[in-house]
Each structure stands twice: as C-alpha cells, then as structure tokens.
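From just these sequences and the hints, can you work out the full model?
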Amino acid sequence: MKIFNLHSREIASPIDEVTKIILTLAGPNDKFWPGDKWPRMRMSQEISEGSKCGHGPIRYTVSRFDPEGSIRFEFSKPEGFNGYHEFVWNAIDDGSMTLIQHKISMNTNFPATLKWSLAIRWLHDALIEDAFDKIENGLTGKKKRSSWSPLVKFLRWILG
351 MKIFNLHSRE IASPIDEVTK IILTLAGPND KFWPGDKWPR MRMSQEISEG
401 SKCGHGPIRY TVSRFDPEGS IRFEFSKPEG FNGYHEFVWN AIDDGSMTLI
451 QHKISMNTNF PATLKWSLAI RWLHDALIED AFDKIENGLT GKKKRSSWSP
501 LVKFLRWILG
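In our numbering, the protein residues as written are 351 to 510.
Be a bit skeptical, because a hint or two may be false.
Ranges of calculated distance between the beta carbons of each label pair, as one might list FRET restraints [stated by the list, open to error]:
{"no.": "1", "residue 1": "Gly491", "residue 2": "Gln451", "range": "31 to 37 angstroms"}
{"no.": "2", "residue 1": "Lys492", "residue 2": "Pro461", "range": "26 to 32 angstroms"}
{"no.": "3", "residue 1": "Phe460", "residue 2": "Ser426", "range": "15 to 21 angstroms"}
{"no.": "4", "residue 1": "Pro461", "residue 2": "Glu367", "range": "37 to 43 angstroms"}
{"no.": "5", "residue 1": "Ile508", "residue 2": "Ser394", "range": "29 to 35 angstroms"}
{"no.": "6", "residue 1": "Pro461", "residue 2": "Gln395", "range": "29 to 35 angstroms"}
{"no.": "7", "residue 1": "Ser394", "residue 2": "Ser497", "range": "30 to 36 angstroms"}
In silico DSBU-like links for lysine-lysine, alpha-carbon gap of 30 angstroms or less [to be verified]:
{"no.": "8", "residue 1": "Lys465", "residue 2": "Lys352"}
{"no.": "9", "residue 1": "Lys370", "residue 2": "Lys381"}
{"no.": "10", "residue 1": "Lys402", "residue 2": "Lys453"}
{"no.": "11", "residue 1": "Lys453", "residue 2": "Lys352"}
{"no.": "12", "residue 1": "Lys352", "residue 2": "Lys492"}
{"no.": "13", "residue 1": "Lys465", "residue 2": "Lys427"}
{"no.": "14", "residue 1": "Lys453", "residue 2": "Lys427"}
{"no.": "15", "residue 1": "Lys453", "residue 2": "Lys370"}
{"no.": "16", "residue 1": "Lys381", "residue 2": "Lys402"}
Think of the hints as simulated: they come from the structure by calculation, not from any bench.
From the three backbone atoms N, C-alpha and C, an ideal C-beta is built for every residue, glycine too.
Set out below in structure tokens:
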C-alpha cells in the first residue's frame with residue numbers, strides 16, 4: 351500500500367532559531383524530540399548522512415541532511431516499511447515565521463499495512479504533534495499541548 355502522511359506547523363519564530371532546536375535532535379540536550387512522553391530518539395552519531403537512528407521499534411538511517419532545511423531518514427525497520435520520513439523547515443512571511451513539516455512516503459506490504467493502520471499511524475501522529483509542541487513552546491513560551499485521542503491513550507496503555 352502507498353502511504354503518504356503529512357504534518358505541518360507554522361511557528362512564530364525565525365528559521366535560524368527553529369534550526370538550532372532541530373539540530374539538537376537525539377543529542378544530550380535534545381530540545382526537539384518529546385522524549386519525556388515517547389521512546390527517546392537515539393542516533394549513532396551527530397546528525398549526518400549515514401547516521402543510524404531510531405526510537406521504540408522504528409529504525410532508520412539518515413539518507414540526506416541539509417542543516418539549513420531538511421533531514422531525511424530511510425526506514426530499515428519494521429519489516430515492510432519501504433520508504434522514508436523527513437523533516438523540512440522553511441522561512442515564511444517576512445522571515446519572522448517558520449513552517450516545519452514532517453512527511454512519510456512509503457510503500458508497505460500486507461503485515462506492515464496492518465501495523466500502520468491499526469496502531470503505528472495513530473501513535474506516530476500524536477508523537478509528531480508533541481514534537482512540534484515542544485519546538486513551539488520552547489521558542490515562544492506557549493504551553494501548547496496537543497491532545498491524544500482515546501485510541502492513542504488506549505494503545506499506549508496496552509503497550510505499557
């Protein structure tokens with residue numbers, strides 16, 4: 351099955367400030383990943399092409415990195431996830447705002463389609479919104495907290 355998933359957020363902060371936050375990903379002072387709520391992102395080295403990384407059961411390799419606007423990760427696990435996910439960020443308006451996007455583009459086999467459709471998609475969507483909240487709150491002082499659906503709460507309860 352062909353899967354495309356997109357999340358976007360406009361953040362009231364210039365791109366250089368957003369970039370500083372994004373480049374802390376998986377580092378010792380990670381200001382991007384919501385590791386207080388989700389499995390921590392781990393990376394074999396600083397963000398660079400070839401870095402091995404993942405969180406929970408998801409594994410990937412950084413296949414493209416532009417420190418001024420994008421990080422692409424090619425999936426290696428779970429089995430049947432054939433494609434990538436990426437973060438892309440751009441200055442918008444007069445440069446006082448930044449648009450950050452997270453995209454998944456992949457093809458899945460039947461078992462992977464079931465995993466995605468029944469659980470991973472819903473958990474993924476909540477995780478990405480939590481990550482965007484963390485960036486926005488860290489830069490603007492807001493206290494935004496995206497709500498989790500009853501399904502996400504149930505899946506998190508089951509998975510312990």
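Hints, one by one, checked against the model:
{"no.": "1", "hint": "Gly491 - Gln451: 31 to 37 angstroms", "result": "violated, 23 angstroms"}
{"no.": "2", "hint": "Lys492 - Pro461: 26 to 32 angstroms", "result": "violated, 40 angstroms"}
{"no.": "3", "hint": "Phe460 - Ser426: 15 to 21 angstroms", "result": "holds, 19 angstroms"}
{"no.": "4", "hint": "Pro461 - Glu367: 37 to 43 angstroms", "result": "holds, 42 angstroms"}
{"no.": "5", "hint": "Ile508 - Ser394: 29 to 35 angstroms", "result": "holds, 30 angstroms"}
{"no.": "6", "hint": "Pro461 - Gln395: 29 to 35 angstroms", "result": "holds, 31 angstroms"}
{"no.": "7", "hint": "Ser394 - Ser497: 30 to 36 angstroms", "result": "holds, 34 angstroms"}
{"no.": "8", "hint": "Lys465 - Lys352", "result": "holds, 14 angstroms"}
{"no.": "9", "hint": "Lys370 - Lys381", "result": "holds, 9 angstroms"}
{"no.": "10", "hint": "Lys402 - Lys453", "result": "holds, 19 angstroms"}
{"no.": "11", "hint": "Lys453 - Lys352", "result": "holds, 13 angstroms"}
{"no.": "12", "hint": "Lys352 - Lys492", "result": "violated, 36 angstroms"}
{"no.": "13", "hint": "Lys465 - Lys427", "result": "holds, 12 angstroms"}
{"no.": "14", "hint": "Lys453 - Lys427", "result": "holds, 17 angstroms"}
{"no.": "15", "hint": "Lys453 - Lys370", "result": "holds, 20 angstroms"}
{"no.": "16", "hint": "Lys381 - Lys402", "result": "holds, 20 angstroms"}
The structure shown violates the earlier hints numbered 1, 2 and 12.
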